[in-house]
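*Asks:* With the hints as constraints, model all of the structure from the sequences given.
Letter by letter, the chains look like this.
There are 2 protein chains.
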Amino acid sequence: MPITFKIEAISGAARSGRLITPHGEVETPVFMPVGTLASVKGVSQDLLEELGVQILLGNTYHLYLRPGVEQIRRLGGLHRFMAWPRAILTDSGGFQVFSLNDLRKVSEEGVTFRSHLDGSSHFFSPENATEAQIGLGADIIMAFDECTEYPAERERVRQSMELTLRWAERSKKYFEQHRHEVPWNANHVGPDVPVWAGQRQVAGSAEIRSAGQVGTSFDSLRSGSAPTQTQSLFAIVQGGMDTALRKESVERTIEIGFSGYSIGGLSVGEPRALTQEIVAATVLHLPADKPRYLMGVGTPQEIAEYANLGIDMMDCVLPTRAARHGLLFTSEGKIPIKQARYAGDEGPLDPNCGCRVCRRYSRAYLRHLYASNEVLAQVLNTVHNLSFYLDTMRAVRHSIGLG
Amino acid sequence: MPITFKIEAISGAARSGRLITPHGEVETPVFMPVGTLASVKGVSQDLLEELGVQILLGNTYHLYLRPGVEQIRRLGGLHRFMAWPRAILTDSGGFQVFSLNDLRKVSEEGVTFRSHLDGSSHFFSPENATEAQIGLGADIIMAFDECTEYPAERERVRQSMELTLRWAERSKKYFEQHRHEVPWNANHVGPDVPVWAGQRQVAGSAEIRSAGQVGTSFDSLRSGSAPTQTQSLFAIVQGGMDTALRKESVERTIEIGFSGYSIGGLSVGEPRALTQEIVAATVLHLPADKPRYLMGVGTPQEIAEYANLGIDMMDCVLPTRAARHGLLFTSEGKIPIKQARYAGDEGPLDPNCGCRVCRRYSRAYLRHLYASNEVLAQVLNTVHNLSFYLDTMRAVRHSIGLG
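Sequence lines, in order, name chains B and Y.
Positions 0 to 402 (numbering that gives the first Met the number 0) are the ones given, in order, by the first sequence.
Positions 0 to 402 (numbering that gives the first Met the number 0) are the ones given, in order, by the second sequence.
Hints were generated in silico from the structure; no laboratory data involved.
Among the clues, some could well be false.
Since the list gives no way to pick one copy over another, a pair counts as held whenever it fits inside one copy or between any two copies.
Claimed, not checked - Straight-line C-alpha distance at most 35 Å; calculated DSBU-like pairs for lysine-lysine:
id, residue 1, residue 2
1, K337, K104
2, K104, K172
3, K172, K337
4, K171, K5
5, K333, K40
6, K337, K289
7, K104, K5
8, K171, K337
9, K40, K104
10, K337, K40
11, K337, K246
12, K40, K289
*Replies:* Here is the structure:
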């Protein structure tokens with residue numbers, strides 16, 4: 000059984016609901032933190048659970064290069080590999096490859112590209128990008144698409160959209176023939192017993208074990224899901240900045256038929272007002288009973304706005320990347336923590352935030368960590384920014400629930 | 000009231016006990032993780048508490064440069080600045096300045112040195128190094144010493160030892176005249192109310208606050224200690240690799256009189272067997288009723304051995320620095336996690352360890368994080384190595400307790 004999507008409340012165009020995946024439930028609208036290389040940079044999975052993260056995004060392109068799909072598949076898939084028992088979504092690699100610019104060459108068959116790590120040559124097609132995502136074993140995977148560049152002529156946008164439609168069909172065909180190969184299905188027939196079960200001896204003294212018996216346990220993470228569960232395939236709507244083409248892209252993608260629909264090809268350099276216009280125009284045509292995923296957005300304000308337009312899922316590197324650059328989102332606006340004016344500021348980062356960072360540390364301390372290039376700066380900044388994004392979405396869900 | 004030291008069990012030369020500081024009790028023998036710049040690199044204070052860390056070491060030299068002593072003093076001292084309510088010890092800066100080699104010049108008055116950050120010129124004397132440590136406000140501070148280089152002629156070692164003795168006397172004199180200036184004493188007369196008490200509004204919704212109400216709270220961290228409490232000054236025994244000079248250094252330092260005694264000038268390039276010989280010879284002459292602190296050691300095996308020789312306190316960058324280089328200490332020996340042989344290893348890092356890392360992640364995942372240069376590698380590796388060191392000391396204390 001793949002995902003189930005239940006809408007529980009509607010308020011205007013917005014809806015709140017529940018996405019039931021093989022690895023747990025996800026309350027929507029949801030913001031998905033980005034864990035590019037099977038890690039949300041600097042934050043341990045324990046903390047992500049504590050923050051209330053219900054679904055993570057992994058990047059197929061990056062994982063394909065390191066540690067490799069076959070490695071992760073052999074180790075039972077991404078969930079088991081990264082010890083994350085909750086839901087995961089992987090992108091198709093299409094956007095990442097698109098970002099390589101000069102390092103890629105697109106044909107009907109697929110995309111030839113060079114690794115940003117060592118320049119080695121690789122090829123992604125709808126078939127092998129889907130194969131890779133089956134090997135990684137996320138709960139939700141994406142059809143391989145071409146992300147149309149901006150700006151682009153209408154004819155170029157149409158051709159690109161048509162290519163994405165043909166690739167969506169090929170992705171679906173491959174997926175339907177191979178979905179049973181997902182590692183937590185195929186590799187786990189019968190009772191699921193960890194390799195070293197019974198061999199493992201944890202030091203018996205209560206004193207020695209006192210250092211925090213909290214969080215998800217090693218063994219429980221290695222027990223797989225029921226073999227009846229499978230992944231779900233979403234397709235990506237393209238069509239550039241042309242609302243007619245967006246509408247056509249939606250309609251023809253729905254004809255092929257997917258478990259959910261993503262809006263791709265945005266946040267590629269166009270003005271923010273145009274992004275919003277295209278999202279608003281596109282979302283109207285998406286089926287009401289399927290999850291709608293807007294890829295690669297946005298600021299805290301924007302994710303709330305898109306949720307209000309009827310978007311159910313979003314992801315963005317902004318909270319994690321901004322954190323690494325010392326840019327912190329708070330209820331009082333953005334705080335560039337490196338500025339000298341925070342050096343003596345004894346107040347909490349955000350007096351309205353209840354996260355571990357705001358409950359414990361002062362702005363002066365966070366400023367010192369950042370200015371001194373301490374790794375803890377990245378850790379704490381990321382925890383706070385994620386907390387702020389997740390709180391924003393909790394408030395949005397709450398407000399939709401109240402109508 | 001400064002520290003109190005209670006010996007609770009003796010086994011051979013080893014003893015276990017309790018060091019009662021103005022910021023909590025410390026079970027000895029204790030390993031003190033190094034938090035150079037008011038942070039144990041990559042690990043949040045919450046996790047340090049969970050690991051059972053009872054005392055941290057801060058480096059005066061580094062904190063003097065960034066963010067500056069005056070800044071920390073104004074913010075209430077190190078404990079409040081870094082939101083660490085438990086005990087802290089600062090070194091005198093002597094060893095750090097010694098490590099600068101060509102950038103320093105020693106005179107009777109003190110040491111002129113150049114900052115490793117920007118080459119600016121600075122001067123440390125027994126008086127101003129003590130002043131700096133009073134400003135930082137650790138529970139235990141160190142007399143300013145000259146760390147004798149290795150190898151050195153006997154006459155040079157004697158002269159250096161004599162200088163350290165004169166400096167110890169000057170440090171003590173300054174300390175006795177200024178101990179009341181410690182920020183958590185002088186700045187906190189009467190009821191201690193955080194600056195923004197009553198103004199702070201944490202979002203009221205239980206849902207919004209659900210992200211982990213654990214650990215030490217912001218406000219409680221900002222309540223100071225009773226104004227009767229003061230710091231304690233330890234002196235550092237020198238004398239190079241000469242047991243007679245070490246004995247003389249101990250005796251003449253005791254004559255001056257301190258709350259505790261450190262063995263300095265070791266781990267400076269001499270063979271490990273010689274270090275052990277000097278420790279064993281020196282510890283014999285140290286007073287039984289005062290804490291004995293061996294500076295800058297060692298491997299897990301060595302810290303256990305030194306505890307068995309009667310050492311009560313140790314610090315070392317090894318567990319944290321090795322973690323950053325992917326070298327992990329386990330009950331099965333050292334594991335260089337970057338090696339390809341761990342890429343497919345589904346087992347826990349150390350099957351006998353109960354830390355968060357060993358309970359959750361596989362060697363394969365830790366190897367991937369390290370090989371991919373993910374920040375989480377440093378975080379998790381450091382948590383495990385510290386856990387291993389702290390478990391080692393717990394086991395040592397337990398075994399001393401059992402005789």
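*Asks:* For every hint, state whether the structure bears it out.
*Replies:* Tested hints:
In this assembly of identical chains, the alpha carbons of K337 and K104 lie at most 35 Å apart only when taken from different copies (34 Å versus 41 Å within one copy). Taking the closest pair of Cα atoms, K104 and K172 come within 35 Å of each other only inside a single copy of the chain (24 Å); across copies the shortest separation is 75 Å, beyond that limit. Proximity of K172 to K337 under the C-alpha cut-off of 35 Å is found in neither arrangement, the shortest distances being 51 Å within a copy and 39 Å between copies. For the homomeric pair K171 and K5, the shortest alpha-carbon distance inside one copy (23 Å) is at most 35 Å, but the shortest distance between copies (72 Å) is not.
Proximity of K333 to K40 under the C-alpha cut-off of 35 Å is found in both arrangements, the shortest distances being 21 Å within a copy and 26 Å between copies. In the homo-oligomer, the alpha carbons of K337 and K289 never lie at most 35 Å apart, since the shortest distance is 43 Å inside one protomer and 43 Å across protomers. In this assembly of identical chains, the alpha carbons of K104 and K5 never lie at most 35 Å apart, being 40 Å within a copy and 73 Å across copies at closest. Taking the shortest Cα distances, K171 and K337 never come within 35 Å of each other, neither inside one copy (48 Å) nor across copies (38 Å).
Only within a single protomer do K40 and K104 lie at most 35 Å apart by alpha-carbon distance; the minimum there is 30 Å, versus 43 Å between protomers. Within a single copy, K337 and K40 get their C-alpha atoms as close as 20 Å, and across copies as close as 18 Å, so both meet the 35 Å cut-off. Proximity of K337 and K246 under a CA criterion of 35 Å is satisfied in neither setting, with 45 Å inside one chain copy and 50 Å between copies. Taking the shortest Cα distances, K40 and K289 sit within 35 Å of each other inside one copy (31 Å), while across copies they are farther apart (45 Å).
Comparing the model with each numbered hint stated earlier shows that hints 3, 6, 7, 8, 11 do not hold.
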